[in-house]
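Visitor: Read top to bottom, the protein sequences are chains A and B.
Counting in the working numbering, the first sequence runs from 1 upward without gaps.
Counting in the working numbering, the second sequence runs from 1 upward without gaps.
Keep in mind the hints are simulated off the structure, nothing from the lab.
Heads up, some of the hints might be wrong.
Interface residues of chain B toward chain A, partial, derived using beta-carbon atoms under 10 Å [stated by the list, open to error]:
| no. | residue |
| --- | --- |
| 1 | P139 |
| 2 | V140 |
| 3 | R143 |
| 4 | V144 |
| 5 | V156 |
| 6 | V165 |
| 7 | N173 |
| 8 | Q180 |
| 9 | P187 |
| 10 | D188 |
| 11 | P189 |
| 12 | F191 |
| 13 | Q206 |
None of the values given here were measured: they were computed from a predicted structure.
Ideal placement from N, C-alpha and C gives every residue a C-beta, glycine not left out.
2 protein chains.
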Amino acid sequence: MKETQPRLEIGMLLYPGLTLLDLIGPQTVFSWFSNIHLVWKTTDLIFTDTGIGIQPTSTFETCPRDLDVVFAPGGFGQQAIMDDPEVLAFLADRGSRARYVTSVCSGSLLLGAAGLLKGYKATSHWSAREALRMFEAEPVDARVVVDRNRITGGGVTAGIDFGLVLLAKLRGNEAAKLTQLAMEYDPDPPFDAGSPKSAGPAIVEQAMAVMAAEMGKLAR
Amino acid sequence: MKETQPRLEIGMLLYPGLTLLDLIGPQTVFSWFSNIHLVWKTTDLIFTDTGIGIQPTSTFETCPRDLDVVFAPGGFGQQAIMDDPEVLAFLADRGSRARYVTSVCSGSLLLGAAGLLKGYKATSHWSAREALRMFEAEPVDARVVVDRNRITGGGVTAGIDFGLVLLAKLRGNEAAKLTQLAMEYDPDPPFDAGSPKSAGPAIVEQAMAVMAAEMGKLAR
Chain A
1 MKETQPRLEI
11 GMLLYPGLTL
21 LDLIGPQTVF
31 SWFSNIHLVW
41 KTTDLIFTDT
51 GIGIQPTSTF
61 ETCPRDLDVV
71 FAPGGFGQQA
81 IMDDPEVLAF
91 LADRGSRARY
101 VTSVCSGSLL
111 LGAAGLLKGY
121 KATSHWSARE
131 ALRMFEAEPV
141 DARVVVDRNR
151 ITGGGVTAGI
161 DFGLVLLAKL
171 RGNEAAKLTQ
181 LAMEYDPDPP
191 FDAGSPKSAG
201 PAIVEQAMAV
211 MAAEMGKLAR
Chain B
1 MKETQPRLEI
11 GMLLYPGLTL
21 LDLIGPQTVF
31 SWFSNIHLVW
41 KTTDLIFTDT
51 GIGIQPTSTF
61 ETCPRDLDVV
71 FAPGGFGQQA
81 IMDDPEVLAF
91 LADRGSRARY
101 VTSVCSGSLL
111 LGAAGLLKGY
121 KATSHWSARE
131 ALRMFEAEPV
141 DARVVVDRNR
151 ITGGGVTAGI
161 DFGLVLLAKL
171 RGNEAAKLTQ
181 LAMEYDPDPP
191 FDAGSPKSAG
201 PAIVEQAMAV
211 MAAEMGKLAR
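Just chain A, with the same shape it has in the complex:
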């Protein structure tokens, strides 16, 4: 695979309490074809929702103005920045010019809060999907939703599928396939419990309780 096109410029929002796998799934998919900018207010270490510290590479000021992709991950920390004017201004500004405006998991609520999903179909983590209506987006129960240049993924691990769908659009099916092979993405879940329907109501209730407790811990 000869890389004859310029590298993609991808701006990925960081924030305290993000779910790291929301970010690292698509970041890994894009990495061979992209300059990836991990963006926050400062370049101080960010602590994610399970306590892992990662290093931003850009600030809202230094991130390139014109991006191929602007991306928002989800996570328990998402709620705390839903009315943060700096975050929303960054997303609205880069989103107004980016080729693709994207998210995984509850990151779509951040896009919504920035006014970027009004009149668009979108998805989110299953537990957060209906909240998209607050931003005049139309929730869709699907792993990856493409509506014009808005591409949103479902919860956490959906970021891998999302990334491959978007990479295929940007660099072609061959690039996406070789990336899928390199990542050995030939999934084989040991249980059939990855959606509320397959998991059933008892497991859904337990998951909601654990997620609420985890969110509570982060708030302390």
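Dock chain B against the given chain A, drawing on the hints supplied.
Guide: Same frame as chain A, now just chain B:
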């Protein structure tokens, strides 16, 4: 889900040039039930194979002596530490007492170099699997290989399947299912190209070339 058992103690090796998704897949799976120790020689920031900086939480000295799980991720940086006496001594020591000795991707070669896979069936990234024979391990073409208390996963994304298999052993199927649901792990790859067989020889050749180039970049 009431957490009535003590949290699992999980030691996950970090090193420069590791593949971050190898680590973050299982780390996310384990996170609700575990104290996770990200271990390296120092607690200075580690730069992974795509340049993302993450923060160790423990050193080889401060990591708990008795672990439920010792884990080695893979990545282009694996080769550079294959004869590092500190790394191998850490893995051999913790591995001698851990309930489970585990890896994802080319991390199994590190376990092998530490003498932990002699006489065991194991797997690795598809491109590295045959190299397990150097350490008297028996390579198996499977996504997750369980041989007594050695559990090894295939390449990169196999870490999610690996994590769920191991969590089910440690905390039961219910815990694994609610984690799978919370992570919305209901995969839907856009292509059938996640294994050498499904991708076909042309894509395999391209992937090998890109991986070699990426490894070369890291060495510079």
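Visitor: With reference to the structure, classify each hint as holding or not holding.
Guide: Structure-based check of each hint:
| no. | hint | in the structure |
| --- | --- | --- |
| 1 | P139 | violated, 14 Å |
| 2 | V140 | violated, 14 Å |
| 3 | R143 | holds, 5 Å |
| 4 | V144 | holds, 8 Å |
| 5 | V156 | holds, 4 Å |
| 6 | V165 | holds, 5 Å |
| 7 | N173 | holds, 7 Å |
| 8 | Q180 | holds, 5 Å |
| 9 | P187 | holds, 4 Å |
| 10 | D188 | holds, 5 Å |
| 11 | P189 | holds, 6 Å |
| 12 | F191 | holds, 5 Å |
| 13 | Q206 | holds, 4 Å |
Going down the numbered hints, you'll see the structure goes against 1, 2, while the others check out.
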